Every structure is written in C-alpha cells, then in structure tokens.
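For the sequence shown, the residue numbers in our numbering are 5 to 358.
Note that these hints are calculated values from the structure, not bench results.
Please note that a few of the clues may not be correct.
What the hints assert, rightly or not - Under the rule of at most 20 angstroms between Cα atoms (straight-line distance), these lysine to any residue pairs were calculated in the SDA-like manner:
#1 Lys219 to Cys264
#2 Lys159 to Phe118
#3 Lys6 to Lys181
#4 Lys32 to Leu57
#5 Lys215 to Leu202
#6 Lys215 to Ile278
#7 Lys87 to Gln144
#8 Lys6 to Ile278
#9 Lys219 to Glu282
#10 Lys191 to Lys159
#11 Lys270 to Ser324
#12 Lys349 to Ser324
#13 Lys100 to Asp71
#14 Lys44 to Asn23
#15 Lys63 to Lys181
#16 Lys191 to Thr207
#17 Lys227 to Ile278
#18 Lys181 to Leu117
#19 Lys181 to Asp61
#20 Lys159 to Leu117
#21 Lys32 to Lys6
#22 Lys100 to Gly38
#23 Lys219 to Asp234
#24 Lys181 to Arg150
#25 Lys87 to Phe97
#26 Lys6 to Arg143
#27 Lys181 to Ile192
Keep in mind it's a predicted model, so treat the numbers as computed, not measured.
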Amino acid sequence: MKTLPVYRIATSSSYTRYNNFELDDLAKRLFEIGNYSLQKINGRSLLQSSTHLIDVDNKNGAVWAVDQTELWNPRLYPHLPNKQMASKIADEFIMKNNLLPQVEEERDDKDNLFAIEVLEPAGSYISSMDRINGEREDRQLDYRIRYSFQMILDKDPENENGTGSDIAVPIIGPGAKLGVTVGDEGKILAYNSSWQRLESIETNADYIPRKIADKYFRKLTEKLNIESFDATLAYTFTQSLNKQQQQQYLYPVWTYRGICNIENHKFPLRIITIPATEFGPTPRNFEPQPPRSKQYTPSSWNWKTGKRRGLTSINPYEASTSWIGQIGGLGGSKNNAQGFIDELKDAGWNVNFN
5 MKTLPVYRIA
15 TSSSYTRYNN
25 FELDDLAKRL
35 FEIGNYSLQK
45 INGRSLLQSS
55 THLIDVDNKN
65 GAVWAVDQTE
75 LWNPRLYPHL
85 PNKQMASKIA
95 DEFIMKNNLL
105 PQVEEERDDK
115 DNLFAIEVLE
125 PAGSYISSMD
135 RINGEREDRQ
145 LDYRIRYSFQ
155 MILDKDPENE
165 NGTGSDIAVP
175 IIGPGAKLGV
185 TVGDEGKILA
195 YNSSWQRLES
205 IETNADYIPR
215 KIADKYFRKL
225 TEKLNIESFD
235 ATLAYTFTQS
245 LNKQQQQQYL
255 YPVWTYRGIC
265 NIENHKFPLR
275 IITIPATEFG
285 PTPRNFEPQP
295 PRSKQYTPSS
305 WNWKTGKRRG
315 LTSINPYEAS
325 TSWIGQIGGL
335 GGSKNNAQGF
345 IDELKDAGWN
355 VNFN
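Work out the full structure: start from the sequences and follow the hints.
Below, the structure is given as structure tokens:
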C-alpha cells in the first residue's frame, strides 16, 4: 500500500513570532521606515507611518506590507519595467532583505523537502473614460510577482511501477504565500508572505489513487453537465476536527477543476478538493436544496404599472441567499448563511428567498 506523509504544523507557541525588535528590523528592511506608530490589536501588530503600513498576524506570522500612497493609486501614470526585469527586481529584493521564508526542512535522504518557484508576473490595470470625448484609456499600474511553494516527493504515487524521479507538488491555501508588487521605475510597492512551519510528520497515510478520487468527483457532480475536468495532486492545510486542540496539518489532496455546461453556457467550477489519503476531512454527502418559497412582495407595489399604491413605502432593505453546496467548494457555510438571514429578518429586512 502506497502512503504519503502528513505533517503537523508548529503552533504559535512552538517558535518565536515577531517581537518589537524584529518588527523594527522588518520595517527598515522592507521600506526603510524609521518613524512609525505600533499598535497590537486582536492578535495583530500594525506598524504604520505616514506612507506605509505593515500588518503582521501574531498567530501565524503572516505579513502584509504596503506603500499606501502608490499601490493601486488610479491617479498615477507609472513607468514600469518589463516582466523579466520586474521578476528580477522582486528576486533581488527578497534575497537582499532576507525575506525568503525558512523552508529548510529536509527529507530522510537529506534532500530538500520544499522548493519555491517564481510564477508569471501579472499586473493591476485601471480603465478610465474622458467625459468630454468619451475616449477610454487603459493603463497598467504595477506588476505582481508571486511565488509557488512546492512539496518535493521522492516519486510519483501514480506511477504503477513504484519507480521514478522526484516530483514537485504545489502547496495551496493561505499557509504558503509569497509575493512582491513592483511599481514605477521598479519601486517596491507591496510585499506579503505566510509560511506555516512544520513540526513533525504526523503520520504516513494510505494513498487514494486518482481513479478512486475521480469516482467520488463524478458522484459529487452527477447532477451537473460536466464537459471536462482534470485533477492535480497538491498539499493544503487543514484544521483539526477537535476545535479545542486548534492543531493544523499539511496533508495531500486532489484539486479538481472542471467546465460545466448549463443551457449552452459554459463556466468553470470552483476548485474542489478531495483528500488524496485516508487522512483529512470526510467528504460530506450532497444535500439537495428544498424548493424556494414564493418571493415576498409588499402589498403596496403594483407589478403591472410598476408604481406604488397609497402611502405605504417599500422597505428598501432586502436580502437573499442561495446555498451553492459542496459542489462550489464550500464545506460548512449553510448554517452560517441561515443565521445571517435570521438576523437580517429580525432587524426588519425583507427576505426574498433563502
């Protein structure tokens, strides 16, 4: 039986987060900030100057740093470097300031457990229209350079022969992020990072082959007209089922992407994840939605004329929800949606459908 490793994530108390000295050092490395105010609110450290903001999550060490005067500023007409130069600037910025997350863990064979790969740069754009001549103008504000974290496996578990070279498996989710935004003349406008350090191997869980995961995916989407789909092996983060424990794990999943056709309209499904081992959340059975009740209509409204009758005013506050279910990639938001709607109803809102 093939197995894949499941990793326990180090808790916030297991290693040092940013203290005040380290925050000061981070501010100088990122934007050469000397004068700033520091607030600690709801488990976050907010370091702010007249032009910059650095937001650090004290629980998981995630960092968001931004030049608030230039990032996504629609008034600017920046002179941007080309894609290759933007990537080079981002690489040099990360290496020069020692901003690469510590992912030095090794496998038993002393090879690296992780790799980081730069992705194709993407940009932020703004469109505007001249009020006089009606001409539209599109311009790019920046380049966003993102990096992909990858887990290195010693062999492809789908290889029936059990042989082969190392393969790189992407790590998805909020626990593995790294990005730099480059603006006018190569200026650094923003930086973000998050990396959940590994504590140990929790277990080597039995592997679920792609063909078995495909069967569950087809069962899950049997009510839809799926034209095509594909799956990729990946690692992601999950919370322990024991809410009091608050333990996180890095475990393997199959990530499914598909194209759905409804009345000749094609659209992509949200990414659906299915555990690739026996470890992980148990997939829930799909529960079809009950028929919707008739839309509530105030008696003072005349649908034929589209006009109001009498002096009764229509309540301007109305809301609706539609549960997309697990097919949409969500696992447990139905009760949250119902609670939200109940609160709106108690506050006097009209609920069209739920």
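Hint check results:
Only pairs whose Cα atoms come within 20 angstroms are accepted, and Lys219 paired with Cys264 is accepted, the gap being roughly 17 angstroms. Annotation: proposed proximity of Lys159 to Phe118 holds, straight-line Cα distance about 14 angstroms (limit 20 angstroms). Taking the CA atoms of Lys6 and Lys181, the gap is near 29 angstroms; set against the 20 angstroms cutoff, the hint is violated. Pair hint Lys32 plus Leu57 holds up; C-alpha atoms about 12 angstroms apart against a cutoff of 20 angstroms.
Restraint check for Lys215 and Leu202: the C-alpha separation of about 30 angstroms exceeds 20 angstroms, so the hint is violated. Only pairs whose Cα atoms come within 20 angstroms are accepted, and Lys215 paired with Ile278 is accepted, the gap being roughly 12 angstroms. Between Lys87 and Gln144 the alpha-carbon distance is near 12 angstroms, which keeps this suggested pair within the 20 angstroms criterion. For the proposed pair Lys6 and Ile278, the alpha carbon gap of about 17 angstroms is at most 20 angstroms, so the pair holds.
A threshold of 20 angstroms between alpha carbons decides the hint, and for Lys219 with Glu282 the separation of about 16 angstroms falls inside it, so the pair holds. Restraint check: the Cα-Cα separation between Lys191 and Lys159 comes to about 41 angstroms, which exceeds 20 angstroms; the hinted pair is violated. About 25 angstroms separates the Cα atoms of Lys270 and Ser324, which puts this hinted pair outside 20 angstroms; it is violated. For the given pair, Lys349 sits about 11 angstroms from Ser324 by alpha-carbon distance, which is consistent with the 20 angstroms threshold.
Of the supplied pair hints, the one linking Lys100 and Asp71 holds, its CA atoms being roughly 19 angstroms apart against a limit of 20 angstroms. The hinted pair formed by Lys44 and Asn23 meets the criterion: a straight-line CA distance of about 11 angstroms does not exceed 20 angstroms. Proposed proximity of Lys63 and Lys181 is supported: the alpha carbons are some 16 angstroms apart, at most 20 angstroms. For the hint linking Lys191 to Thr207, the alpha-carbon distance of about 45 angstroms lies beyond 20 angstroms, and the restraint is violated.
Between Lys227 and Ile278, the direct Cα distance comes to roughly 18 angstroms. Compliance with the 20 angstroms bound is thereby established for this hinted pair. Annotation: proposed proximity of Lys181 to Leu117 holds, straight-line Cα distance about 17 angstroms (limit 20 angstroms). A threshold of 20 angstroms between alpha carbons decides the hint, and for Lys181 with Asp61 the separation of about 14 angstroms falls inside it, so the pair holds. With a C-alpha separation of about 13 angstroms, the suggested pair Lys159 and Leu117 falls inside the 20 angstroms cut-off, and the hint holds.
For the given pair, Lys32 sits about 48 angstroms from Lys6 by alpha-carbon distance, which is inconsistent with the 20 angstroms threshold. At most 20 angstroms may separate the alpha-carbon atoms for a hinted pair to count; Lys100 and Gly38 meet this at roughly 19 angstroms. For a cut-off of 20 angstroms, the pair hint linking Lys219 to Asp234 stands: about 13 angstroms separates their Cα positions. Proximity of Lys181 to Arg150 is assessed by CA-CA distance (about 8 angstroms); at most 20 angstroms being required, the pair is judged to hold.
Taking the CA atoms of Lys87 and Phe97, the gap is about 15 angstroms. The hint holds against a cut of 20 angstroms. This hinted pair does not check out: Lys6 and Arg143 have alpha carbons roughly 51 angstroms apart, beyond 20 angstroms. Between the alpha carbons of Lys181 and Ile192 the distance comes to roughly 17 angstroms, so the proposed pair stays at or under 20 angstroms and holds.
Hint compliance for this structure: hints 3, 5, 10, 11, 16, 21 and 26 are broken, all remaining hints hold.
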